[in-house]
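Engineer: Put chain Y on the given structure of chain P with help from the hints.
Taken in sequence, the protein lines are chains P and Y. So in UniProt numbering the end of the first sequence lands on 485, straight run, no missing numbers. So in UniProt numbering the end of the second sequence lands on 95, straight run, no missing numbers.
If you're looking for bench data, these hints aren't it; they were derived computationally from the structure. Fair warning: there could be bad hints in the mix.
What the hints assert, rightly or not - Covered by chain P, per the in silico footprint, the following chain Y stretches (three or more residues, Cβ under 8 Å):
1. 5-12
2. 29-35
3. 40-49
4. 52-59
5. 73-79
6. 87-93
As the list claims (entries may be wrong) - Here are some chain Y residues pointing at chain P (derived, C-beta under 7 Å):
7. Ala15
8. Arg16
9. Leu17
10. Ala18
Just so you know, these numbers come straight off a predicted model, no measurement behind them. Glycine is no exception: its CB is placed at the ideal position from the N, C-alpha and C atoms.
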Amino acid sequence: MHDRTIAELGTALERGECSSVELTRATLERIDQAADLNAFITLTPESALAEAAEADAARARGEAGPLTGIPIAHKDIFCTEGVRTSCGSRMLERFVPPYDAFVVARLRAAGAVAVGKTNMDEFAMGSSNETSFFGPVKNPWDRNAVPGGSSGGSAAAVASGLVPAATGTDTGGSIRQPAALTGISGLKPTYGRVSRYGMIAFASSLDQAGPMASSAEDLAIMLQGMAGFDRRDSTCVDRPVPDYRAALAETDVRGLRIGLPREFIEADGVDAEVSGAVTAATDALREAGADVREISLPNAGMAVPVYYVIAPAEASSNLSRFDGVRYGYRCDSPADLEDLYKRSRGEGFGEEVKRRIMVGTYALSAGYYDAYYRKAQQVRRLVQEDFARAFESVDVIAGPTAPSTAFPLGSKADDPVQMYLSDIFTIAVNLAGLPALSVPAGFGGGRPVGLQLIGNHFQEGRLLGAAHGYQQLTDWHRQRPSVEG
Amino acid sequence: MPMNANEVAQIAHLARLAVSAEDSETHARNLSEILDFVEQLGTVDTGDVEPLAHPLEMTQRLRTDEPSEPDERERFQAIAPATEAGHYLVPRVIE
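Just chain Y, with the same shape it has in the complex:
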């Protein structure tokens, strides 16, 4: 499935990745080759086959709704780049 630079730009936007114009051509070629390669899955008859998402087909284990971890705020705040009044300070994001 051939992919062009515009389609790469669209996918990169969805993935929130900056991709330079010069890298777009390389990505277009590589992604096209990879998608061509996986196209062979279309030759397999999977009409009534249930998808397999987990190799052991386990169901999500549930636990009782009780705290299981100790409060380690002081330890984690000690290694944070910046804190104030018990809160973590993060760099300003410009909007």
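Isolated chain P, as found in the complex:
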């Protein structure tokens, strides 16, 4: 069952080929077999089996939807009632929330069975899943390589067939980049499409929850379960949720106007095998009738420096609540209040988190605010205006998701700027609040390559339709690594 999609598992459950309880037991056994991947921080076998039994009962009553009885996993950034939510940090190692995040509650209500919480870069800060307090996740295609970050645990779990789908979050590419590096499909929705309530905040104007799965069709099913208005998130948009699965059939690749940004094609440091795979993918779409044309995003090259001012600035504010008094880890025997704050935060946070808090503190400090933070927000507008101009002439923008395939564990750990450049093609999308996804588009040296498709605001349906169309032409998304390693 481990190589089936949500859609296929739903059919199997419907036909009585297996029950959700059986499926959940098999899922838990497979997770145990693949423990060396370190994809999970916390497993919830008892509640999962109880949810599966309830799903079977709902199906018997004729109340099943597309997610009823399907095992899924949640990134450990989403609060889960009664289940530890660590955010990959020592700071929250013992945090057990008394409530569910909106996304968790919605998927639970849709009948999905939550089997556990996946490993992640600490507070979602990282591009390799090496900053987790619980150790690095390994890429199932090559256990000496990273799975990408920060949703690397979710990506590895889906890629190795431990679960058919998982939740992730994307602040600068943290769904799409690990999806690309592990050969799965991952969608970052439009900012505001999915409520951030109960999602531990990193950079609030950029963070967005989204699904990770093995096909565009499964992304559509998951997004349907996740999207919707929530008054508890003041940035959540009150707008009807379309039928995303129906959009798969409605979007025809023939005539679809696809823009290829010159700046993505000519970017320095892109692996030849990545460029080759992306070219082959756009050629396949062209042969299927798409209108592929070159466009320009002149400020795209500024996206990473903009991000590394804005994201740390917002992080320094959001993470100020973790002070040893209000939330999180508390140091032993503080000498005074200042010592309590400093040692609790110094001992509770990892090095990358501390680095970003300090960058953010510096950028927001007196005398530097205009030179860094205000300037970055101005360039952010230029980046967004580039996209707005591009979408006047194209429906979708295509390019690589990441500049390379999965890199060796530890190879960029001492060079933060090189690590930050792993997200060079994904960050601009977050700055502009656009939806984008990554789908598998080939291999380089035995490691997956991702094709990124970017859409205009709230055009998830068209984006998923284009990705589904591409997946009808290719079988890259059907390739699986061996769990045995």
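Structural biologist: Relative to chain P, chain Y alone:
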């Protein structure tokens, strides 16, 4: 923009972070590299450009001033480490 250990100590103090002396050198080097990297923003002409703080440029939504959450004090107190007479007890902070 080169940064030294003293400047790192000042930023760490503002951020209320304990940073050891041996880690200060590493932080100074990394922060210098990151600030050098973001310096390239200075090459972009942003003379009349309005800053963009929110990707959808939404205004803060307001709601009517009515209670929207139920009182769950008993449930929250049940999972608190220590309570007394309806209050939460927190560890003593020495001043």
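Engineer: Compare the structure with each hint and give your call.
Structural biologist: Status of each hint after checking the structure:
1. 5-12: holds (count 3)
2. 29-35: holds (count 5)
3. 40-49: Answer holds; 6 residues pass the 8 Å Cβ test.
4. 52-59: holds (count 6)
5. 73-79: Held - the segment 73-79 of chain Y has 3 residues with a Cβ nearer than 8 Å to chain P, which meets the minimum of three.
6. 87-93: With 3 residues in contact (Cβ-Cβ under 8 Å with chain P), the coverage given for the segment 87-93 of chain Y holds.
7. Ala15: Holds, about 4 Å.
8. Arg16: Nearest chain P Cβ about 4 Å off; hint holds.
9. Leu17: holds, 5 Å
10. Ala18: Given a least distance of 3 Å, the restraint on Ala18 of chain Y holds.
The structure agrees with every numbered hint stated previously.
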